[in-house]
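Using the sequences plus the hints, can you model the full thing?
Protein chains in written order, with the working numbering: chain D, 4 to 208; chain L, 4 to 208; chain G, 4 to 208.
Derived by calculation from the structure, the hints in this document are not laboratory data. Careful: at least some of the hints might be erroneous.
[Said to hold, decoys possible] In silico DSS-like links for lysine-lysine, alpha-carbon gap of 30 Å or less:
| hint | chain 1 | residue 1 | chain 2 | residue 2 |
| --- | --- | --- | --- | --- |
| 1 | D | K148 | L | K148 |
| 2 | L | K202 | D | K90 |
| 3 | G | K202 | D | K148 |
| 4 | G | K90 | G | K148 |
| 5 | L | K202 | L | K90 |
| 6 | L | K148 | G | K90 |
| 7 | D | K202 | G | K90 |
| 8 | G | K90 | L | K90 |
| 9 | D | K148 | D | K202 |
These numbers come from a predicted model, not from an experiment.
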Amino acid sequence: MTLLEGLDYASVFVFALSGALVASRAQLDIVGFAFIASLTAVGGGTLRDVLLDRTPLWVAEPAYIGTAVAAAVLVFFTAHLFESRLKVLTWLDALALSVAVPAGVGVALASGHHWAVTLLMGIATGCFGGLMRDVVCNEVPLVLKQGELYVTAAFAGALAAVLALQLLPVGPALLLCAAVTFALRAGSLTFGWRLPVYKPRPPRT
Amino acid sequence: MTLLEGLDYASVFVFALSGALVASRAQLDIVGFAFIASLTAVGGGTLRDVLLDRTPLWVAEPAYIGTAVAAAVLVFFTAHLFESRLKVLTWLDALALSVAVPAGVGVALASGHHWAVTLLMGIATGCFGGLMRDVVCNEVPLVLKQGELYVTAAFAGALAAVLALQLLPVGPALLLCAAVTFALRAGSLTFGWRLPVYKPRPPRT
Amino acid sequence: MTLLEGLDYASVFVFALSGALVASRAQLDIVGFAFIASLTAVGGGTLRDVLLDRTPLWVAEPAYIGTAVAAAVLVFFTAHLFESRLKVLTWLDALALSVAVPAGVGVALASGHHWAVTLLMGIATGCFGGLMRDVVCNEVPLVLKQGELYVTAAFAGALAAVLALQLLPVGPALLLCAAVTFALRAGSLTFGWRLPVYKPRPPRT
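Written out as structure tokens, the structure is:
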């Protein structure tokens, strides 16, 4: 298994866990768990592959969907053990984001694209699986949480990778990408790091 | 017309009827009817074709959209005749699902894909047109109805086709696929067949 | 820069302004502005390019995303100057629609497609960027506003172009397309032009 495949499998597994947790909040049956888990797990990577005119990862290798279904079954039988599923969900999503961004960056690099396209593929691969999950399940998309670092974390991680590639080989650059993404997202969740949000001026009195 | 084209046309027409009924619930004008009907009708098949790197059905043959528009016009002028549009909608959607799943399976087969990809294309072709309709129109997606057999019906139908192909030629296998999908979905609507849903443990007292 | 590129850039910039205004209503941070602006700006064109099996505009030329980000930054620092952001948003969206429809028509023409496909690409390119923006941001999609001419304006503009091409060269036909789309959309907003909507019969008493 190559590094890129490893990143894709890891991101598929962890995003599938997060999708299955959302399915548990919607009280679906086990097939519903598998459906939402698979959509979340391969949504971002499929978009990336369609945009780059590659065969979608799970069409080339259906074991990705098997991985997502395994995660769904695991969550179906164990989710009741967690006291706060929302908290577990948020952290799993943070972890998945941190693996999916380098997976997107790595694939775009391997296809020899412009650095800006590479950066955007990292963001798209990271953010769109969770976005599809939230849109389909009627949850407020995490990308819309006011001021939380989410797209920002993906952007910073992808940017770190693109810059690091001037000095480092691909492997360490992707590791750095994952670390930066996770650090910012985790910092935002733990310490409340945020960017200033748009505030309309108060009406003059 | 080949069997596969026939399945695609049938699924386009019936899904378009269901889309137009949703448009009638949103009280759109006739162009809105045609838009939602077309989105619903070709959404799943277009996703399938993009994933399999084929020309989308209606780009290759615009008559598919003509079919969807005809269905939209029909519903615009007759929907008031039905006492319960929601009931008609639910059953049309069940019928469309039962035709779209074998349409997806058949196309994936014809492209020579792995059986698991074939299975997944059946599910995706069947479920995503209705999912797009419901997301755009702010209806609760049918795939999220707790415990109803919907994705499960698509899954069982596609699985039946994949297994039957060990013994039967393509035509009868696709017929079986449609029959299994419809039987499960109709049984769920009529007799309340369902899978157990995820239930969080009640808090200990 | 060719005429088609000019149309694409103009539609990207104006749709990005509209996306950023929606982001301001959701009180996002500047990266959120850039994300929603980019999604809105290239959503329709990306769909068109994927359907026609072309390299998506911004993958071929990342400057499109740079344009969208510039629009997002502009709105982040100036949106508070407008008294009614909803009104500005509606008119910017109308302008963007009027540029995106000919952009879609032009690209489909250049790829030598059937006139019906050309027409549909105009509608899809015009309508889907704003649709994605509204679905992601939980706004009521403009295509669903009862009786307002929106998809209808896109349809009429694209139809005008297809008909005019029998007599006129491409440039003037696309200009006519933009003019017809804008005239109908603006007339609907200003004078309340509308199509009759579907009305269920009142229950008999």
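Do the hints match the structure? See the list:
1. D:K148 - L:K148: OK: K148 of chain D and K148 of chain L at ~26 Å, within 30 Å.
2. L:K202 - D:K90: holds (18 Å)
3. G:K202 - D:K148: Distance of about 38 Å is beyond 30 Å: violated.
4. G:K90 - G:K148: Distance ~15 Å between K90 of chain G and K148 of chain G Cα, so the pair holds.
5. L:K202 - L:K90: With Cα atoms ~28 Å apart, K202 of chain L and K90 of chain L stay inside 30 Å; holds.
6. L:K148 - G:K90: Answer violated: K148 of chain L to K90 of chain G is near 37 Å, above 30 Å.
7. D:K202 - G:K90: holds (18 Å)
8. G:K90 - L:K90: At roughly 39 Å apart (the allowed maximum being 30 Å), K90 of chain L and K90 of chain G break the hint.
9. D:K148 - D:K202: Holds, because 15 Å separates the two Cα atoms, which is no more than 30 Å.
The structure fails to meet hints 3, 6 and 8 from the earlier list, while all remaining hints are met.
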